[in-house]
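J.: Sequence:
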Amino acid sequence: MAALAVHGALSLFARTTRPASLATPFAFAAVPAFLAASRTWAFPSLQSLLELFPPFVLAVPKSKTSHSRKSMREANKGLKDKQNIVNCPGCGAPKLAHNLCSNCYSFLTRMWKQTQQKSNPP
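Going left to right, the sequence shown walks through residues 2 to 123 as the numbering used here numbers them.
In case anyone wonders, no lab produced these hints; they're calculated from the structure.
Take the hints with a grain of salt, since some may be wrong.
Unchecked claim - With a Cα cut of at most 27 angstroms, we get these calculated DSS-like pairs of lysine-lysine:
| # | residue 1 | residue 2 |
| --- | --- | --- |
| 1 | K78 | K63 |
| 2 | K81 | K71 |
| 3 | K78 | K65 |
It should be emphasised that the depicted structure is a prediction, and the values quoted were computed from it without experimental measurement.
Construct the entire structure; sequences and hints are all you get.
T.: This is the structure in structure tokens:
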């Protein structure tokens with residue numbers, strides 16, 4: 002961004018015309034150093050920088066989005082109903098399809114822990 006500021010300052014000073022009195026050999030002592038140097042700059046112009054960025058990168062909103070507009074936009078982002086709920090064939094409790102039933106799993110883990118405790122006493 003500093004390059005843009007320097008380029009803007011250069012183009013501002015380049016548009017001004019110098020009086021004929023500055024044509025003397027010592028006139029460049031009064032001119033700032035960055036103006037006395039040659040006019041070839043390594044900084045790209047503003048137009049070439051704008052060509053690098055697509056237009057949507059430079060877009061900004063004009064005002065803050067209100068709470069009501071945000072809530073209207075997010076109204077259709079609610080929770081969706083599950084369509085894959087089935088009854089467990091073992092106990093009949095509702096469960097998600099292709100998942101273990103939590104009732105049957107907890108029953109089985111209790112049974113396994115009891116058998117391990119009986120086979121391996123502390």
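J.: Each hint needs a verdict: does it hold in this structure or not?
T.: So, going through the hints one by one against the coordinates:
1. K78 - K63: holds, 25 angstroms
2. K81 - K71: holds, 20 angstroms
3. K78 - K65: holds, 21 angstroms
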